[in-house]
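When you get a sec, could you build the whole thing from the sequences and use the hints?
Just so you know, we're using the numbering used here here: the sequence shown kicks off at 1 and counts up by one.
Warning: the hint list may mix true and false statements.
To be verified - With a straight-line cut-off of 25 Å between C-alpha atoms, the simulated DSS-like cross-links for lysine-lysine are:
#: 1; residue 1: K683; residue 2: K612
#: 2; residue 1: K510; residue 2: K729
#: 3; residue 1: K142; residue 2: K237
#: 4; residue 1: K989; residue 2: K250
#: 5; residue 1: K695; residue 2: K139
#: 6; residue 1: K471; residue 2: K823
#: 7; residue 1: K510; residue 2: K737
#: 8; residue 1: K785; residue 2: K479
#: 9; residue 1: K713; residue 2: K723
#: 10; residue 1: K695; residue 2: K510
#: 11; residue 1: K713; residue 2: K695
#: 12; residue 1: K556; residue 2: K665
#: 13; residue 1: K837; residue 2: K824
#: 14; residue 1: K950; residue 2: K910
#: 15; residue 1: K196; residue 2: K126
#: 16; residue 1: K136; residue 2: K245
#: 17; residue 1: K250; residue 2: K240
#: 18; residue 1: K956; residue 2: K910
#: 19; residue 1: K837; residue 2: K950
#: 20; residue 1: K237; residue 2: K989
#: 21; residue 1: K823; residue 2: K785
#: 22; residue 1: K785; residue 2: K837
#: 23; residue 1: K237; residue 2: K870
#: 24; residue 1: K866; residue 2: K136
#: 25; residue 1: K519; residue 2: K569
#: 26; residue 1: K136; residue 2: K989
#: 27; residue 1: K956; residue 2: K903
#: 28; residue 1: K218; residue 2: K195
#: 29; residue 1: K713; residue 2: K683
#: 30; residue 1: K195; residue 2: K276
#: 31; residue 1: K989; residue 2: K225
#: 32; residue 1: K569; residue 2: K556
Hints in this document: simulated from the structure, not taken from any laboratory.
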Amino acid sequence: MVTVGYGEIYPVNSFEQMMSVFFMIVQCGIFAYMINRVGEVLNQMNKITAKKDLILFQANKYMLSKNISNRLRYACQEYLEFYYQQSMDDEQEIEEKMLDILSEPLKKQLLIENYNIILYQSPIFKYNFSDQMNNKLIKIIKKMNIAPDQIVFQNEEIDDNIYFINQGEVEIFISGNTEQNREINQNQNVMRTLKKGQCFGAIEFFTGNTRTYNVRTKSFTSLLKISRQDFLKELQKLNKDEINKFYHIKDQLLQQNYTDIWNSCFCCNNPLHIMKNCPYIVYKPNKGKLFKQLNEYVPVLNRQKYDRYLKYKSNTRSTLNEIQGNYEDFLDEKFEEINNYTISYNISTLGDDQWTSESDSQLSQIEDHQDFHIQNQNQQNQYHSNETQIKNLFKRSFNKKQSIISEKPESTQLIEDQSQQGKIQISEFTSGIHNDKHMKLLAVLILILALSAHNIYAQQNIIDATIEKAKQNIWSRYKDNHWNYPTFLGTMFLSCYYMESQAMGWSLEKTGFDVQRHKTNVLNEQLPNGAWQQVPSENEGNESIDATIMHYWFLKMVGDDINAPHMVKARNFILQNGGIENAQQMTRYKMALYGQYDWADSYYIPLLIFDKDHPLAYFAYSRNIVAQWVYPHITAFGYLRYFRIFNQQGPSLFEIYSNPPKDGKLNLSQRETGAEPEESVVKLVEEMISLRRPKGSIGTYTVSTQLNLFCFKHFIENWPNHKFVPTLKEMIEEGFKFIQMNIFNEISPYTGQLDDGRWWDTLLVQWALLEAGEDEDKLIDSLDKLTTDAWQENGGIAYGWDFEYAPDTDDTSVYIQNIGLLKKPENKARYQKNLEKSKEFMQWAQNNDGGLPAFDHEFQGNWYFKLGMKVLDLEKSAEIFDPSCPDITGHMFEAYAANGIDKSNPYIQKGIQFLEKSYTNFENGYIAWQGRWGINYIYSSGTVLQGLRKVGYNMKNDIIARNVAWLVARQNADGGFGENHLSYNDPVKWNGRGKSTPTQTAWGLMGLIAVHEHYDVKENIERGIEYLLNNFWETNEGFWFDKTVVGSGHRGMVYLQYPAYANSFPLIALGRYREILQKGYSNFDKLDNLQQRIDKILKETKSEL
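Spelled out as structure tokens, the structure:
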């Protein structure tokens, strides 16, 4: 146990001998424990078996004494056997315990042999998927025990599981469509009986279609099933070949080729069709035979005399004269329109000055032709009607918004001038055309060109006016040389703050908390099912049990009757979703802090992970391992959990427990404190103090600040004479001011602001203004402000106030890009030194895999910390580590490209390698990149496409084509793009799907614009632009506003709304689209057809497989 080999290597010195003794004692204890546990498992199994045998014996004895018939006695025994088979849950728990005791290799081998029927006997998985994938099936196989004559599934039922018969038999049968027919026929029309080792449901498993037959058990049956959704989740973790094989099989099945799954008809056993197409049970008429039979009895019709000379004979000359006459009538009717379009075309082509000089010489001639242009009053009315239609072409997006646009007169003056010029009569040139028959064809061509030019000109005017109004909106928020659009988490955090302020002893007078205002907001946000969302969203499925618990508790604390309808609905929602026990770990920590949850049911956080001087600090010091946003929160949770601190707040919440405490009480005992704090506690408090920021926060966030203040309060109360106390008292006052400043900010109070992000907002707005053609000199003051206040010595840019100690890469990327977008050499030279230092920061931050994290290099987590956070259940409450992000990597590419750096740069090459292997596969060969800081695949894909194009990446390769196809397929019917945040939890169902928002539409458009020179996406771009224009003018009265959350804080858990996004990204998209209008679609007639391209890729992929 403590030697190597035959004893050649053994402990020599006293330290080694002590360690050997220690490990011997530990191993002996572990060995004894394992033997004891195995004995308990076997003993428990024997007890259950003996109990079952005794009951069966007594039942049989009873039936024999009563002279029960053998048939009925046998049926009763069979049922009792099945009952005990169904009652084997306890045995399964014992088996699971036994498996946990076994080593991983033994456990794996045992499960492989147990599921041998699927892994090695079934050709579906044996020959189609790799051993690696088949080994993963062990985790997702589920067992079912079913009594005789029970329906497994029915025709037309949605059930995409695949079933394998482990024991027993099942029958495949058909029935009518009505319930009555099903009951009558279920004992008839049995097509086949399947036995042990056979499977059913494979076609629906691969295709996702509804069932086309019925299945019921014939005897007591044990089934093994695999869910399609679980299978796809495991498939996503493997390479692309496995995924492509799955969709290859799906395509083959949809084309009625069943060879890949070794399937045959349940009726006639023919492998070329399935039962629903079987000719023995589905009538398919022989059309050729029927036609032949019918034709034999059709009587022959007598031929009738037909005088072809009675038909009107055409004459080419007379027809040409008729066409020419109709054409002249058309010119007379549309004469005024030709006038207006021709003049407007000349204006747009020659310019106002040149056109005015030419038109002055023609005005006198126009007067001579007044009798020709307006012949009668009716014709004049027709002209007036046509003129109105033409005006509406230009003014349809503006007439209803005059009050808004009038604030910026120059934005509409162009439209009004053009409308006035449209009233000028046609020149002598045009009248000459009218009199010259040979020139009339030219007039038609001019009309077509004028219509086209006018439409483009009018569209560009609409875009110009929208851009001007959007820029005006942005400048109205400009203050102290920067912009600030506070992000918010939702009113749930206001409900939390109400409890937190009470626990800290802060009165309503001190905080200024308006209880009635917040209560009104809460009640207005409650959904019909009684739940609340974390952030209000129009997308479905966004209910949050954590938000519902917090709001329910707040309403109960302020006096709402728990039997009131809104409280009953909220309580029912909580209980239906697992009760308070099913909330996130962070919510349970807070409940324990307020005396509503037992600390013993929350995991303990060892204090050694906060000690940078500990011998194991290299492996355990969490500040160098977890993400920047996590550390200031877990310091507080570690302290609170260690001392089991609680501040009893309000009445109990036992009614929302799924399993309330049996005695109606919680264990609320706190850890006893000594005369002096322990060394580990002192080390932890030192870490908390080191997180102190200039504006008063502890780690930059309102939530982390509030939690740490609880710890300081406890420390001061227990050790009032400690040297830390004066500092902690100052930090409590500073922290209070910081929280108040954010939660009750003057721009958007009572929305739950998490932190200050003014520098990020300023960077985004600068980017939008530069893309929209704003005078760059107007932005110099704000760039100076960023360089003075946000730029750090290491070259990074802080996200906002108190983030100076942790600059991030996304802000730095946009800062580098904005400087690159400056066109004047003197302006670029102003920031050259800062620019070079910022590039060095980006190079330092880039992870080894080539991707960019948010804050720190290689803080992607190690295996033991990942395991620890999983055990602590914190991974379901927050994103613990700082992984490489495709979206930030795409921003880095744009930043570098704006400064003349292309794909030849080694850092760009590493980033490309990261992006080429970090995408997610979806159906139909589609791929997309997951977003870290925006929701979700639309955000990241749009960003990546822009970045790759700008660094000179090959935009015609398979990866880009598949992503563009996905983006086009996800465009909504209204032309916009939207994505539900549930795409993080269920990407197969929700990727790129959700109600349209301005921000997400802009992200999608930016991606499409990036590839418009390579793929046929013109129509998709124009539909997206139309959505943005309609949303701006019609929906939101001259503003963009997201009614659905678009920002991600912790993927799959916590979301943020970024108001700056709706004010910047749509403007960027419009600016880039305007550039396309000015330059035109290059070589558009030679572009690849996107669908043909994807079909070709899929065909090549299938042929390789």
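Item to check | 25 Å limit on alpha-carbon distance, applied to hinted pair K950 and K910 | outcome: Since the Cα atoms of K950 and K910 sit roughly 16 Å apart, the hinted pair holds (cutoff 25 Å).
Checklist entry - Taking 25 Å as the top limit, are the C-alpha atoms of K785 and K837 close enough? => result 17 Å, holds
Item to check | Pair hint outcome, K956 versus K910 [Cα-Cα no greater than 25 Å] | outcome: Holds, at about 20 Å.
Next on the checklist: For a C-alpha distance cap of 25 Å, please report whether K510 and K729 respect it.
Outcome noted: 17 Å, holds
Item to check | Given hint K612 paired with K683 - CA-CA distance at most 25 Å | outcome: Within the cut-off at roughly 8 Å; holds.
Checklist entry - Given the hint that K136 pairs with K989, does the C-alpha gap stay at or below 25 Å? => result Status holds; Cα separation ~22 Å.
Checklist entry - Is K569 close enough to K556, meaning Cα to Cα at most 25 Å? => result 14 Å, holds
Checklist entry - Within 25 Å, alpha carbon to alpha carbon, are K250 and K240? => result Roughly 15 Å separates the two Cα atoms, so the pair holds.
Next on the checklist: Between the alpha carbons of K713 and K695, is the straight-line distance 25 Å or under?
Outcome noted: Holds - the C-alpha atoms of K695 and K713 are around 20 Å apart, at most 25 Å.
Next on the checklist: Please verify whether K237 and K870 have alpha carbons no more than 25 Å apart.
Outcome noted: Measuring from Cα to Cα gives roughly 19 Å; hence the hint holds.
Next on the checklist: So if I understand the rule, the pair passes when the alpha-carbon distance is 25 Å or less; does K956 with K903 pass?
Outcome noted: Holds: K956 and K903 sit about 16 Å apart, inside 25 Å.
Checklist entry - Are K866 and K136 close enough, with their CA atoms no more than 25 Å apart? => result 21 Å, holds
Violated hint: 5 only; the structure is consistent with all others.
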